[in-house]
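4 protein chains.
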Amino acid sequence: MPNVFGKLFTISTWGESHGGGVGVVIDGCPPNLPLSEADIQPELDRRRPGQSEITTPRKEADQVQILSGVYEGKTTGTPISMLVFNKDARPGAYSEMKEKFRPSHADYTYQTKYGHRNPEGGGRSSARETIGRVAAGAVAKKILKLTSEIETLAYVTRIHDISMPADAEISESAIEANIVRCPHEGTAEAMIERIKEARSKGDSVGGVVECRIRNLPVGLGEPVFDRFEADLGKAMLSLPATKGFEVGSGFEGTLLKGSEHNDLFENRDGRVRTKTNLSGGVQGGITNGEDVVFRVAFKPTATILQEQATVDLSGEETTLMGRGRHDPCVVPRAIPIVEAMANMVVLDHLMRQHAQNSLFTFEA
Amino acid sequence: MPNVFGKLFTISTWGESHGGGVGVVIDGCPPNLPLSEADIQPELDRRRPGQSEITTPRKEADQVQILSGVYEGKTTGTPISMLVFNKDARPGAYSEMKEKFRPSHADYTYQTKYGHRNPEGGGRSSARETIGRVAAGAVAKKILKLTSEIETLAYVTRIHDISMPADAEISESAIEANIVRCPHEGTAEAMIERIKEARSKGDSVGGVVECRIRNLPVGLGEPVFDRFEADLGKAMLSLPATKGFEVGSGFEGTLLKGSEHNDLFENRDGRVRTKTNLSGGVQGGITNGEDVVFRVAFKPTATILQEQATVDLSGEETTLMGRGRHDPCVVPRAIPIVEAMANMVVLDHLMRQHAQNSLFTFEA
Amino acid sequence: MPNVFGKLFTISTWGESHGGGVGVVIDGCPPNLPLSEADIQPELDRRRPGQSEITTPRKEADQVQILSGVYEGKTTGTPISMLVFNKDARPGAYSEMKEKFRPSHADYTYQTKYGHRNPEGGGRSSARETIGRVAAGAVAKKILKLTSEIETLAYVTRIHDISMPADAEISESAIEANIVRCPHEGTAEAMIERIKEARSKGDSVGGVVECRIRNLPVGLGEPVFDRFEADLGKAMLSLPATKGFEVGSGFEGTLLKGSEHNDLFENRDGRVRTKTNLSGGVQGGITNGEDVVFRVAFKPTATILQEQATVDLSGEETTLMGRGRHDPCVVPRAIPIVEAMANMVVLDHLMRQHAQNSLFTFEA
Amino acid sequence: MPNVFGKLFTISTWGESHGGGVGVVIDGCPPNLPLSEADIQPELDRRRPGQSEITTPRKEADQVQILSGVYEGKTTGTPISMLVFNKDARPGAYSEMKEKFRPSHADYTYQTKYGHRNPEGGGRSSARETIGRVAAGAVAKKILKLTSEIETLAYVTRIHDISMPADAEISESAIEANIVRCPHEGTAEAMIERIKEARSKGDSVGGVVECRIRNLPVGLGEPVFDRFEADLGKAMLSLPATKGFEVGSGFEGTLLKGSEHNDLFENRDGRVRTKTNLSGGVQGGITNGEDVVFRVAFKPTATILQEQATVDLSGEETTLMGRGRHDPCVVPRAIPIVEAMANMVVLDHLMRQHAQNSLFTFEA
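Residue numbers (full-length UniProt numbering), protein chains in the order written: chain A, 1 to 364; chain B, 1 to 364; chain C, 1 to 364; chain D, 1 to 364.
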């Protein structure tokens, strides 16, 4: 079930870049949740192409329709099917891609694995596939918002070699205040310039997204294989263009000694807290009540408007000139996708935690 | 099923550090595989404590027994149950840990999540839990060895801030030539010194493990959620003490431009190959026939022989003096564990790939 | 994942009787299968209402659309999304059902479980939900047809107390020769009369469907929990209105002694065969190469055009007069649904069998 | 994962009749449950061979050991591994069975599917495999007992053609009052005679087990594929020697008209109840608060002490004379096994029901 994600809040996604549409079926959504397209569309709007001058100029409204699972404005506990029809297709634009493999794209691997592929816009390997994830994530986000204080914020901390100061203030408004979604305004401007510069040369850049989940209860995550950070990691590494995931101190933390890295416990305001948070909010695979902080590496966009060496379907060496309307940097549009995946992981683990640990109370 | 891993080659692990024993049940192992304890024990020996002067001095033979699934020396296709009885327990040693939470350990989170825990040796959160993984991984390794050229080699590339040269030769014999399992001899010596130095101060260090899987076929990995690197990432992040995972260019790759990062295709010796391998052997979540290369960050051991601030079961602030026999660095013993997890991911994906893509041939 | 079925050939169904539509997403379909709506529609036509004088007079064309997973007429190995929009809705007709629970329907249990339900046409508990199953089953059927001799035939053996002779000839043409789908013409006529008679009195009848799967290989089914008949049984018992499942000799077989019941082996035409088939084609949960024969009990339709005692949403006793256009007997329309489920179980087990038992060959 | 059962209360069973032992790993057991071997052993004693004059005279103590997941007498929420070592093996007794396939046993299908099998005592296809199920079921039973009024009682209603009166009183003491486990004493005596008579002729008989689950809440079961009766049916059909499953009115119910079959609602003692219970406690796949009543058909034991025609490993026709110590009727010993499976299905669905439907409350 490679296109099914989640154990209790389960999603099945489908669709290709240039097929009939893309969509998702949610299985396991709690009943009685007030829900309409108006809850979903804003998240899709944060993801959609053409939203700013540093994204692809392709225009797609990406209007979502809810086809099932909601009655009189509330969920019924049955599957929620959501659909976005595809528009703005230019099938002619892909004739060359049918024959030649784009470097560092999925063309060659899909072709070899399946023997047949939809080359238009990358088919299933297109980032357009993430529409279903974002739509489902919007449902998870609403559930968390209505029933908890949990808040998930993703933001850009680095574009190419331009990094945000570590002590920048993180807030939803600061993140959405600029088109690159870096909460530090000065850095954001430099990042935008770097992206424009790359595009002007037909090149591309990547970067790092950080995500912070606040107000989590202690206890989410199920050792040993479904540790909270393992499920988060899998969710993030399943996104197109990702090359790495780290939580808390991450790779840098290996440069510290144990005496520097350990998060000492204290009693703060009547609660058990840690003085530092190099653990990133997880210990032994279980949330400890501190912010869960993780980072995801996104590689530079593989599509560049330059001529590159490659091979064709028959294995002959040739060259391919990049064309079309593409993002010179996928990172700003990745923000709502990272949040969607994180919110679904949180919700799924909340349900799992309760099912095993909260339902049955045995007298002492 | 948080203690069940894999879809077609499925393992269920069980056991605590100081309970009756630890073990694993494999479900889905192909029949007719010649198998005995002699295939498993060597991998457990690479993992076991007390194997060298830089590991914990605890002595445990970790002798494995196969209890089912093998008849007359060959697997029958039914579940394989493997068991290692615990020995060398010192229950008295853990009375303080019952009351006080060790910093950056799982004591506090397990206690809060479950309301009851086995504190002896960390219970289920102990790295001793990985014995079941290594035993099952040895079975996967044997299957791969008998039926393919696939080879999985993990090795230490960094301890604290001591890194191996990027161009060092990687081979099984070079890795096993020293006790730190770094294939570059000169670096290995420095690493060993660094570990000894940390131990002498009651401190600990972490590091980075790299793993290289050679001779994989093109086509392993199932988009979108079960991408090959996503499943590898989850497997690695489910290991104790891990804080990060990256594949190919990883986090460093985000410093490159698309024109520098793309792996151009060429025809080499009649096969489609890439000139570089920044992708790390996966494109679009599917192996492309190049080596799969990934890295895992291991934090410094949380147990240090120093006094640390913490809280107790009632939330009162207190201090805890680290005691006992522990690894000053878990990285060398992590090598066989990383390999075991990687081999199981490879085998599982081979089975999945064949099930969907190889069984049914339709005439053109 | 209560709306997800299958392990390797996985379907996710969604939709209510009177919502936007009903549909299914198939995950795991092999690539390169020639596929279009024309492969699906005939099975839906066998299932759709209004097809004959003994079904509900509701008219629904149930036109299927394939939205993804097919490119240039062949599957790509990615998810196949299929959709049927709902039509012919009469929302006004259901105002009474919103307040009163129909006896032996799912109104009360859905209301209590979820706290909110779509009452129109039974919502998710409507048999209309099976459209997605039939559409997905048509894909499985085509795969089996193109790659094997396996043939699945379901047919009506009893309506109310009218039974078909045990030795009637079974063929697709005999089954489809009449509207009740009983392959024995004389019995079929009596069955049709019985259904018409029940309808004329505002009453309903049930019956028994038998299904025969021919030309199966030896070896499908995975002990211990996923025995072939256990998976078939679950599939059938997941259908609306079913009350029982039996394989081979079934409940009647318990009246025999072991010496009468055992299927003795013989060598027939160079193959190991059994002289009798009371086992129904499965031994130890695994197919033995004989026909798999099973039967499913369908209760009389719960909707009858008579006044019945019931309670309302507040628990007050009241009466409800059945109204609307309903099948006086669901059994004839259940035939393509039973076949669809059976074909998916067969395909899933073929994939599972190969994955574990056929991929790896070890030298003696 | 054919040897893994359950979604939230998950068990993995392993072991063969004559291997090292048999066992089970439970994953997902709630923490803080008081648990020791004394909770498990009584259920195993009800299942074990040699318990009465109508079972096999084989003597096996079947002493269970808990190896993990329990600390200081209470579960910790981590996997519970339980083990029964095999004894009383007579390997020599099976040399003929290695060469010849026993009719209506799993020898031929296992041999063909896997190419290699453990023939001693039937290996994995032996009913001895159910020890793991009964041990795990005992844990589920204790949880239900400590946290609810739910009670599961299975009992024999028919042996061969001897049936219990439909109105017999059902109680645990009446069931356990005799060795055949039929709660109607007069019928029990006749049943015991029939079994002895069959054994005296080297023959065997089968029968029907009924199971009644009382005091279930409304709302267990998850449409569409995981209906409560579908999961029960799969659980029962996964047991050795079963040929059928029915719930409520079952196959007989198809002889009624809708007007006779419908369960009318009433308000009884302030609760919504049905006047009759032909539905068997489930409507639309969800429990409705009435007793869940189902029946399972068990075929006559395949092993009979008579000479039977069969074939050997090379396909040559031959004969086989039944030998050894076997149950002339498996039904009495099946009672604790049916209860174990039912209790696990109930517990799993309680956890699932709460996870989706009880955790999140949204304001109106």
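Hints listed in this document are in silico derivations from the structure and should not be mistaken for laboratory results.
Heads up, some of the hints might be wrong.
In this list, chains with the same sequence are indistinguishable; a pair is considered to hold if it fits within one copy or across any two.
Derived DSSO-like pairs: lysine-lysine, alpha-carbon spacing no greater than 30 Å straight-line [stated by the list, open to error]: (1) K257 <-> K196; (2) K98 <-> K142; (3) K201 <-> K145; (4) K142 <-> K257; (5) K74 <-> K142; (6) K145 <-> K257.
If you're wondering where the values come from, they're calculated on a predicted model, not measured in any experiment.
Now the hints, each set against the structure:
no.	hint	verdict
1	K257 <-> K196	between (41 Å within a copy, 13 Å between copies)
2	K98 <-> K142	between (41 Å within a copy, 27 Å between copies)
3	K201 <-> K145	neither (43 Å within a copy, 48 Å between copies)
4	K142 <-> K257	neither (41 Å within a copy, 37 Å between copies)
5	K74 <-> K142	within (12 Å within a copy, 38 Å between copies)
6	K145 <-> K257	neither (39 Å within a copy, 38 Å between copies)
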